[in-house]
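K.L.:
Take a look at the letters that make up each chain.
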Amino acid sequence: MPGGALEVIELHKHFGGVRAVNGVSFALERGRIYGLIGPNGSGKTTLFNCITGVERRDSGRILLDGVRVDGLKPYQIARRGVGRTFQVIRVFPELTALENLLVVTSGPRATAEARARELLAFVKLEGLAGEYAGNLSYGQQKLVEFVRMLMRDPSLILLDEPAAGVNRTLLNDLLEAVRRLRDRGKTVLLVEHDMKVVMGLCETVFVLDYGEKIAEGPPGVIQTNERVIEAYFGR
Amino acid sequence: MKRLAVGGALGIALIALAMYPAYGTGYGNRAMLQIFMWIALAGSWNIISGLTGYVSFGHVAFFGAGAYTAGILIASRAWSWPMAAVAGGVAAGVLALGIGGPCLRLKGPYFAIAMLGLNEVLRALVSYFERLTGGGNGLSLPTLDATVPIYYAMGLTAIAVTLAARLIIGSRFGLRLMTIREDEVAAESMGIPTFRHKLLAFLLSAIGPGIAGALTARDQGYIEPLSVFPLATTITMIVMTLFGGKGTVWGPVLGAVVLFVAQEIVWARYPYIHPLLFGAIIIAVVLAMPRGVLGLLQLKYRLPRTI
Amino acid sequence: MNVVITPAMVGQVVISGLLSGVLYGMVALGLALIFGVMRIINVAHGPLLMLGAYTTFFFYSTWGLNPYLTVPLSMLVLFGVGWLLERTLVFRVVDAPELSSLLLTFGISIALVNGAQLAFTSDLRAVEYLTGSWMVGPFALSKSRVIAFVFAGGLTAAAFLFLSYTRLGKAIRATSQSREVAMVCGIDVGAIHRLTFGLASALAAAGGALIAVIVAIQPEMGQIWTFKSFLVIVLGGAGNYPGALLGGMLLGLVEQLASLFLTTQLSEVVAYVLLVLVLLVRPTGLLGGRQT
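Line by line, the protein sequences are chains A, B and C.
The first sequence begins at 43 in my numbering and counts up one residue at a time.
The second sequence begins at 7 in my numbering and counts up one residue at a time.
The third sequence begins at 95 in my numbering and counts up one residue at a time.
These are computed hints drawn from the structure, not numbers from a lab.
Please note that a few of the clues may not be correct.
Stated by the list, open to error - Straight-line Cα separation of at most 16 Å, EDC-like style, residue types lysine to aspartate or glutamate; simulated pairs: (1) B:K113 x C:E192; (2) A:K166 x A:E218; (3) B:K306 x A:E203; (4) A:K115 x A:E136; (5) A:K166 x A:D215; (6) B:K113 x B:E230; (7) A:K238 x A:E268; (8) A:K115 x B:E270; (9) C:K264 x C:D282; (10) A:K238 x A:E254; (11) A:K238 x A:E272; (12) C:K237 x C:E222; (13) B:K113 x B:D189; (14) B:K306 x A:E136; (15) B:K113 x A:E203.
Here the structure is a predicted model, which means the values were calculated and not measured.
Take these sequences, add in the hints, and give me the full structure.
P.N.:
Written out as structure tokens, the structure reads:
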């Protein structure tokens, strides 16, 4: 069943006096790749946290395929087909790579294990399935986190800085994987600082600054948007 | 081949333990009974705290709850001790759900604080409901020499707890408990309902102590708040698990045996040094050997997770 | 419970609550500082208070010093103890998972309590210096509690002034808000940690010194203070330092009110239920603070 259409309406989240997300609204259509950019501290990760239920939003609505999900617990949102990676890698270090993927599922163990091995093979890590995730290299951990996110076959995929700290070859493999996911009908929203990645991959880009959406459009248009340039290079 | 050898060794050990009362002295039987009790306690503490990382500082509350439940049922309603032991386990389970329901919704540190206070509260409640519990004067049970049957009952409890730990740690349920320890937010974000898992682990970890408490009550024939709710019991089960290896199956067993024997040989003569030494051991283990003996070996020699 | 409750009784209870509340607040402030700056739950906080009480007892019984004069002495001694504990043991678990710091401070608390039992025996000690009450209208104010209130109030005020206006105090607050930023600003975070732990121990010691005149001194006296200090922090909000003071007053009030309507035995149960309720309903504390 296709899913993954996200709608965020007038989302607000503040911490004490800081307005991390200040009235952001946007809509994602199924089967497309979107980018979310903005200077540091513009509220991108907070936005992700609100969508996935990790943070409680103060006001606003979040709809997944037309159904409200704001206020749900993170595991409930995950079970509705939302997958997410983190800005700072969060694998389970004392579990093996295979176990990292296994824990996420509930069906028969044999099926789950087969799928886990398949996903590890997909990112060429099948040989390290029995290695503790904490012992893997940065790039390998990143891949484990990526395929762990895919275990539940999510329809909406949120990637928080997938390119950070990753070498070119690995990055190309990741981007290729993201395109293939899009081709299979999944919706992808990625936060990224690497402009080349954003320009080359995303169909539509949203720009945040100080918690507000200041621009929205195809990458080429965004690049020349005055407000965006101002946000990045100073006022 | 290796499995057969291990299974065989285990089998022989179990048979030896089963035959022991026929040969053992009164003191020996008592000591073995205590070792079984500690295995049940440490092993149970391991299920919640070793796996999920939620430190239960008040776990002795379940021991005391089981003791008083059984004590009251035996003394005033003439229940048989096996039934009373089951009731003790059930009571502890109910208490776990009652406490765990609210407290496990909190993040780790807050849960630890809540558990710290639990002891004091239960002691206060026991004093308050004096009519039922005998308050500070304690509760006496009708005399019964059942040391040998209780030896077996406690042994079975120890085996059951260790078996439960083995099953949990070898399953995805156990892995999910560990993810709570590793990174609870990431676990939730991956679709794992952490609260449910914590509550179930907590429930399972309470039953063993509940039954052990009930059996101890019957064995001692007399219980009072200080004897069944002492902080020292919680401290001991924590030290045993930490030393042996938290998160492993046999770690608590190892810790229970080694520390109990050491305690009997060396420290029983110096009653005040021994809790002090336990405090020092906790500090040393946390700083130098946080995974405990078996945890360290597991890491070094790549032993299976279910060791 | 067929006791008629008069307004005078309620007034008495409210006053008692406020008197003890400030004391709770001061001790809890120490705990709040450790938690705020180092993100560590110091289970050994109560035992540190207990050592403060014993220090006062020592000065009083050996040299006959006025116990209130020994308050700064006890604070100094325990500042040193706390500083040393951080320097040798606690600093190792500052970045470790919470489990480690919880267990470490738990181990330290056991060592301290049992060490005290070995050194001092469990015999109850007392500092019999000030007894009796002052009568203010219909209310009886226990002299020792009033003086404890005055000292605690003064010390807490001094602590807040220190935190708000001195460079060190601001450095402490900066570190508690963001360790990384503090480091970037050139703050020696390790020294701040040692200072904070020492300071917190001093505040606990002051509490111990002040109640040495009021209650019996024995090695286990601190345990309930650890729990109550946490309760205060939960009430006031984690990381919210003024909240610790207000939380303390709230706890004092609730406790005294509860003892009016229920027996004192159950007042501990009330404190516990209060803790659980607040944690469920407002995990960030009644006055708003940070979630762990």
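K.L.:
Run the distance test for K113 of chain B versus E203 of chain A: straight-line Cα separation, threshold 16 Å.
P.N.:
violated (27 Å)
K.L.:
What's the verdict on K237 of chain C and E222 of chain C, does the C-alpha distance respect the 16 Å limit or exceed it?
P.N.:
holds (12 Å)
K.L.:
Are the Cα atoms of K113 of chain B and E230 of chain B separated by 16 Å or less?
P.N.:
violated (33 Å)
K.L.:
Verify the proposed pairing of K238 of chain A with E268 of chain A, using a straight-line Cα cut of 16 Å.
P.N.:
Judged against 16 Å, a Cα distance of about 19 Å means the pair is violated.
K.L.:
So if I understand the rule, the pair passes when the alpha-carbon distance is 16 Å or less; does K306 of chain B with E136 of chain A pass?
P.N.:
Within the cut-off at roughly 14 Å; holds.
K.L.:
Holds or violated: are the alpha carbons of K238 of chain A and E272 of chain A at most 16 Å from each other?
P.N.:
violated (19 Å)
K.L.:
Need the status of pair K264 of chain C, D282 of chain C: alpha-carbon distance at most 16 Å?
P.N.:
holds (13 Å)
K.L.:
CA of K113 of chain B to CA of D189 of chain B, is that 16 Å or under?
P.N.:
Cα-Cα ~12 Å, so holds.
K.L.:
Would you mind confirming whether the straight-line C-alpha gap from K113 of chain B to E192 of chain C stays at or under 16 Å?
P.N.:
Judged against 16 Å, a Cα distance of about 10 Å means the pair holds.
K.L.:
What's the verdict on K238 of chain A and E254 of chain A, does the C-alpha distance respect the 16 Å limit or exceed it?
P.N.:
Answer violated: K238 of chain A to E254 of chain A is near 23 Å, above 16 Å.
K.L.:
For a C-alpha distance cap of 16 Å, please report whether K115 of chain A and E136 of chain A respect it.
P.N.:
violated (25 Å)
K.L.:
For the pair we were handed, K166 of chain A and D215 of chain A, check the Cα-Cα distance against 16 Å.
P.N.:
holds (10 Å)
Against the hints set out earlier in the document, violations occur for numbers 3, 4, 6, 7, 8, 10, 11, 15.
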